[in-house]
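> Listed below, chain by chain, are the residues.
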Amino acid sequence: MKLLTLNFLTCAVKTCKSSPAAFPLHPRDATLQVVETELNLAFLKNMLPRLMWDELRVVADEVCGFLLSFPPPCFPCFPFPPTRSDLVVGGEAGAAATAEGEEEVEEVPSQTAQDLHRVLLETTVHEGKLVCGNCGHEYKVMEGVPNFLLPGHLV
Amino acid sequence: MMLPTPSTSHVCFDHVYEPAEDSFLLLDTLSSSSEAAFLQNRFSNAQSPPPLVLEVGVGSGVVLAFTAANAERIFGRQDILTIGTDINSFACQAAAQTVRTAITEYGHGKTISLDVVNGDLASCLRPRSVDVFIFNPPYVPADLPDFARHDKYNVLPDGQKKTTFEQDSYLLELSYAGGEDGMVVTNRMLDQIPEILSTGRGVAYVLLCAQNKPEAVKQRIRQWGIGWMAETVGSSGKQAGWEKLQIMRVWKEALNLQ
Chain D
1 MKLLTLNFLT CAVKTCKSSP AAFPLHPRDA TLQVVETELN LAFLKNMLPR LMWDELRVVA
61 DEVCGFLLSF PPPCFPCFPF PPTRSDLVVG GEAGAAATAE GEEEVEEVPS QTAQDLHRVL
121 LETTVHEGKL VCGNCGHEYK VMEGVPNFLL PGHLV
Chain V
1001 MMLPTPSTSH VCFDHVYEPA EDSFLLLDTL SSSSEAAFLQ NRFSNAQSPP PLVLEVGVGS
1061 GVVLAFTAAN AERIFGRQDI LTIGTDINSF ACQAAAQTVR TAITEYGHGK TISLDVVNGD
1121 LASCLRPRSV DVFIFNPPYV PADLPDFARH DKYNVLPDGQ KKTTFEQDSY LLELSYAGGE
1181 DGMVVTNRML DQIPEILSTG RGVAYVLLCA QNKPEAVKQR IRQWGIGWMA ETVGSSGKQA
1241 GWEKLQIMRV WKEALNLQ
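Chains D and V, in that order, give the protein sequences.
Oh and the first sequence: position 41 is 41 in my numbering, straight run, nothing missing.
If you count the second sequence from 1, you need to add 1000 to reach my numbering.
Check before you lean on any hint, since a few could be wrong.
Said to hold, decoys possible - Derived coverage of chain D by chain V (criterion: at least 3 residues anywhere in the stretch with Cβ under 8 Å from a Cβ of chain V; other residues may be distant):
1. 10-20
2. 38-46
Stated by the list, open to error - Over 12 Å on every C-beta distance to chain V, these chain D residues come out as not near it, computed from the model:
3. His26
4. Arg28
5. Asp29
6. Val34
7. Asp54
8. Asp61
9. Cys64
10. Pro82
11. Val89
12. Gly90
13. Pro109
14. Gln111
15. Thr112
16. Arg118
17. Gly136
18. Glu143
Just so you know, these hints were derived from the structure itself, not from any lab.
All C-beta atoms in this analysis are idealised placements derived from N, C-alpha and C, irrespective of residue type, glycine included.
Please take these sequences and the hints and turn them into a complete structure.
Structure, rendered in structure tokens:
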């Protein structure tokens, strides 16, 4: 399960929906796998407004603690949410030139873009659990698949 | 133009729903020129945030994989996000692979597939986060299976490498049995739709069969409140049997304050 997925998940218990503490879910005892994928710069730039920055930083901090050999960076490297320009070497100026029909400039992802890609899309929870900060319910992750099915008394 | 159907040759159809007429009606409807025009009008702005596509009950994953791999054609952009859920853990594993393969093989590798999670409907999705919702429900009027067995049947039996026959029957029942009028599961899902759809651009596609009383279903949705719309946007009309299928689009029109 990719860390970016946690941007969209919350506790499945109905009474937790209205509680801010039910998001994000907290990875615990996680075994991580890094699965390399191609970086999609256009996606990353467009995705910035959808990222729940403070919450993802919490998740990334928690996950990094489990894997000491996991190479930096984690979210602490980005004190503020980056802008579209921060994701491109030399900023987004090249994009403007392209829009005006001048010579095509191939944008190069910045270190920040590469770090974001690594943390959000390449870092996956293979085994472990996700814990709700409101009710404390633990959801198991097995072979990369989180299980959100609740026991009968919680549905 | 015929769009390729994702490969599901790795899927074990003993306990995962095999793509059938209903699955293909969803594919045809989503990629029809009228629906592509509707979706592109909402989502094709190249610098707007990527839409999140959620399919509940992915089964083999054929519909989500098709949507992911043909994002450019359907949404007018490649950078969409997909996520799936299924109550059957074997379907989750199978569907994840179907989506991955389709994106790599003919989707230019640009769509971002999140995960397929094992869950009940959309109960684990953050409110207002879903832009496009797709649901091919268990719509056959037949008794619901006994969920007391679910935990046991949702994993391989202890020490075994294969599922049992009873287990397979149970898992397949989950994929088609819809209780009274075939609407018990669909009604639970419809209740969640106003909460999960994003404000402004959220849209849902739900498959119904004739026995679900689709006209009454659409009428009920229109009474959710001002602006709620429900229309039939695809059907398998040529086969006028008892299981005639249709795709219902549900969305909320923005209020036009003048």
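> With reference to the structure, classify each hint as holding or not holding.
Hints versus structure:
1. Here's how the stretch 10-20 of chain D fares: 5 of its residues keep a CB closer than 8 Å to some CB of chain V, so the rule of at least three is met and the hint holds.
2. For a cut-off of 8 Å, the count of residues in the stretch 38-46 of chain D with a CB near a CB of chain V stands at 6, and the three-residue condition holds.
3. Under the 12 Å C-beta cut-off, the non-interface status given to His26 (chain D) relative to chain V holds; the minimum distance is some 14 Å.
4. Arg28 (chain D), annotated as away from the interface, keeps every beta carbon of chain V farther than 12 Å; the closest lies near 17 Å.
5. Every beta carbon of chain V lies more than 12 Å from that of Asp29 (chain D), the smallest distance being close to 18 Å; the non-interface claim holds.
6. With a cut of 12 Å on Cβ distances, Val34 (chain D) stays outside the contact zone with chain V, its closest approach being about 16 Å.
7. Distance check for Asp54 (chain D) against chain V: the nearest CB is about 14 Å away, which clears 12 Å, and the non-interface claim stands.
8. For Asp61 (chain D), the condition that its CB be more than 12 Å from all CB atoms of chain V holds, with the nearest at approximately 20 Å.
9. At roughly 20 Å, the least C-beta separation between Cys64 (chain D) and chain V is larger than 12 Å, which holds for a residue marked as non-interface.
10. No Cβ of chain V approaches the Cβ of Pro82 (chain D) within 12 Å, the least distance being about 15 Å, so the stated non-interface status holds.
11. Look at Val89 (chain D): its CB is around 19 Å from the nearest CB on chain V, clear of 12 Å, so calling it non-interface holds up.
12. With 12 Å as the threshold on Cβ separation, the claim that Gly90 (chain D) sits away from chain V holds: the shortest Cβ distance comes to roughly 19 Å.
13. Remark: the non-interface label on Pro109 (chain D) is consistent with the geometry, its nearest Cβ contact in chain V lying 14 Å away (cut-off 12 Å).
14. With 12 Å as the threshold on Cβ separation, the claim that Gln111 (chain D) sits away from chain V holds: the shortest Cβ distance comes to roughly 21 Å.
15. With a minimum CB-CB distance of about 18 Å to chain V, Thr112 (chain D) clears the 12 Å threshold, and the non-interface call stands.
16. Under the 12 Å C-beta cut-off, the non-interface status given to Arg118 (chain D) relative to chain V holds; the minimum distance is some 14 Å.
17. With a least CB separation of 16 Å from chain V, Gly136 (chain D) remains clear of the 12 Å interface cut-off, as annotated.
18. In this structure Glu143 (chain D) is not separated from chain V by more than 12 Å, as the shortest Cβ-Cβ distance comes to only about 7 Å.
In this structure, only the earlier hint numbered 18 is contradicted, and the remaining ones agree with it.
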